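Between the sequences and the hints, there should be enough to build the whole structure, so can you do that?
Those protein sequence lines, which keep their order, are chains P and L.
Reading the first sequence from the start, the letters are residues 1 to 300 in our numbering.
Reading the second sequence from the start, the letters are residues 1001 to 1300 in our numbering.
The set of hints was computed from the structure by calculation and includes no laboratory data.
There may be inaccurate statements among the hints.
[As the list claims (entries may be wrong)] Some chain L residues near chain P, calculated using beta-carbon distances under 10 Å:
{"no.": "1", "residue": "1006"}
{"no.": "2", "residue": "1025"}
{"no.": "3", "residue": "1028"}
{"no.": "4", "residue": "1029"}
{"no.": "5", "residue": "1040"}
{"no.": "6", "residue": "1045"}
{"no.": "7", "residue": "1051"}
{"no.": "8", "residue": "1065"}
{"no.": "9", "residue": "1078"}
{"no.": "10", "residue": "1079"}
{"no.": "11", "residue": "1275"}
[What the hints assert, rightly or not] Output of the computed footprint for chain L on chain P, the stretches with three or more beta carbons under 8 Å from beta carbons of chain L:
{"no.": "12", "stretch": "43 to 53"}
{"no.": "13", "stretch": "56 to 65"}
{"no.": "14", "stretch": "76 to 83"}
These figures come from a predicted structure and were not determined experimentally.
Just so it is clear, CB atoms sit at the ideal spot from N, CA and C, and this is done for glycine as well.
Letter by letter, the chains look like this.
Number of protein chains: 2
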Amino acid sequence: MRYLRTFELIEAVVRAGSIRKAAEDTNLTASALNRRIQGFEQEFGWPIFERLPRGMRLNPAGELLMQHIRLQRTDLARVQSQVADLSGERRGHVSIACSQALLPYFLPEQIALYRADHPGVTFSINVRDRAQAERDLASYSSDLALVFEPVHLVEFDVLYALPQRVHALYPSGSPLDDVPALRLRDCLNHRLVLPTAAYGVRNLLEIAATSIGRTLTPALETESFDLIRHYVTQENAVGFQIPIGLKPPEEAGFGHRPLAERDVRPGRLLLGQLKGRALPVASAKFGQQLVAALEALAAP
Amino acid sequence: MRYLRTFELIEAVVRAGSIRKAAEDTNLTASALNRRIQGFEQEFGWPIFERLPRGMRLNPAGELLMQHIRLQRTDLARVQSQVADLSGERRGHVSIACSQALLPYFLPEQIALYRADHPGVTFSINVRDRAQAERDLASYSSDLALVFEPVHLVEFDVLYALPQRVHALYPSGSPLDDVPALRLRDCLNHRLVLPTAAYGVRNLLEIAATSIGRTLTPALETESFDLIRHYVTQENAVGFQIPIGLKPPEEAGFGHRPLAERDVRPGRLLLGQLKGRALPVASAKFGQQLVAALEALAAP
DNA sequence: GCATACTGGTGCAATTTTTGCACCGATTGG
DNA sequence: CCAATCGGTGCAAAAATTGCACCAGTATGC
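Structure representation (structure tokens):
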């Protein structure tokens, strides 16, 4: 969009940190770019950059303007998506911020299902922990967030909440399979493979451990759920994950079962969007599909 | 703002209904304007106007775009207002949609009070009935609405609600002043001066009359609250209004007192804004002042 | 049936805006 | 002290926008 060119250039300067670098990125001369910035500031009424000896940085007014620019761009995308929709075209782009647990099975299945009907719709998946996911929504970097146990919940509009019990993962044939109900204390005697503190599963486990007067001392702490899954069979350890990221034990190649609810309270897997935001058609429809899929999981 | 020029031109065409008329309004040639519209449509990807033998009219895509244009413009105004605020300047413009009852005393006082502190802030007051006021908010024509008994309340964010009993107005010395509690039936024997059905007072009276098996047969029906006020003394009639638009009886030049609550339920005077909208600084601050003033009225 | 007054659209030249080039002054780091 | 940055500016070339003259189509009035 031609009339958005000035905004693009401003963003380029913000990214590059100096007019000269931004000029290279945008295939312009520094002088031309300089004058566009100056021209805009004059129209706008206030400077939006601080001129430092090293380059340019947004001043507070510029920060406010950047919010406007981002809103403006996403709202235009929404309009174009709605227009495409009313002329029968089903194009668009859906960006999702999600927890790792959704990556192996749930999201690939859902995306494939959606794209079977709407091949013109493209997706981007941003793996984020629960705090980052919300920031992603707020900065319009993602349309939807599907996260386990988010932290703030301000500015977050919950579309669906699916309870998820924390599952323990262990090698096939482990004695943990035999006890009638899996208690947290049964697990704590084993070597532990835990996600880092940024993750909801770890948070729920910490709360549970504290309430029975124990502390968690992991043998391996990692941000990779994949690593957790694979490591438990290597060292006869116990890992923890939520079931939406797991196949049934008979297919998974390792055993897993939920921890007793009286020990570890179930967490909530939340599908949400930025409060008050009108989503592009494709994102809104995909969100509806996800709600239906999560409902089916809740009451099978 | 130069980069908004295309949007201004589109709006001009929408208003004028044809390129040639819009060209005159915008001091451009029809050909230049024509090509800008065509150029935008090409960039946008779809036509936004229907070409009729009589001129141009927005198509559905154009309607969607107009929403975006309006949002974009008001959001820019918000940013500029916030920027002005952080550089210490207290400029801005506040537009209010309100019922007639606020015109004689309440709003003039409040505006004068605000402008005493912030002379750089200007106001526009749009007198609207309760349905129109909400449409005004939705189309970003007004920042705030102060209305009696609004109808829909979707998209309406209530900032404050002040209960208002319906008052009966009558000439000084009327026997209505003497009864211990003013009942609706006492009034119905007099000649009635009523606002039209668009107004909340009329609505409350209709409900009350129906519930005691009576109907309202006004001698004079008008949209002008001013006329109601002045007419009651002319023909010894009874009118109805809410107290926020009235001076105390001793100053008003006519008598008035509230109707019994068991006959006519009190209505609500609502101060509100469009749900989810971030108001310009001046509007937000004036809104806060109004809330404080209404609170003072509620608990004197 | 035909002139008239509208409408949007287009080729081409004039005009305005934007851009690139060659610089300047200032600051920083080796 | 010099080289490498940075933002900013005068001036001419390049590009976009605009105005003028005109076309084709369609209602309207006589």
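Going through the hints against the structure:
1. 1006: Status holds, d = 5 Å.
2. 1025: Because about 20 Å separates residue 1025 of chain L from the closest Cβ in chain P, which is outside the 10 Å limit, the hint is violated.
3. 1028: Nearest chain P Cβ about 16 Å off; hint violated.
4. 1029: violated, 20 Å
5. 1040: OK, holds: residue 1040 of chain L within 10 Å of chain P, min 8 Å.
6. 1045: holds, 7 Å
7. 1051: violated, 17 Å
8. 1065: holds, 6 Å
9. 1078: holds, 8 Å
10. 1079: Since chain P brings a Cβ to about 5 Å from residue 1079 of chain L, closer than 10 Å, the hint holds.
11. 1275: Hint on residue 1275 of chain L: holds, closest Cβ of chain P at ~7 Å, below 10 Å.
12. 43 to 53: n = 4 at 8 Å, threshold three: holds.
13. 56 to 65: holds (count 4)
14. 76 to 83: Answer holds; 6 residues pass the 8 Å Cβ test.
In summary, the numbered hints that this structure violates are 2, 3, 4 and 7.
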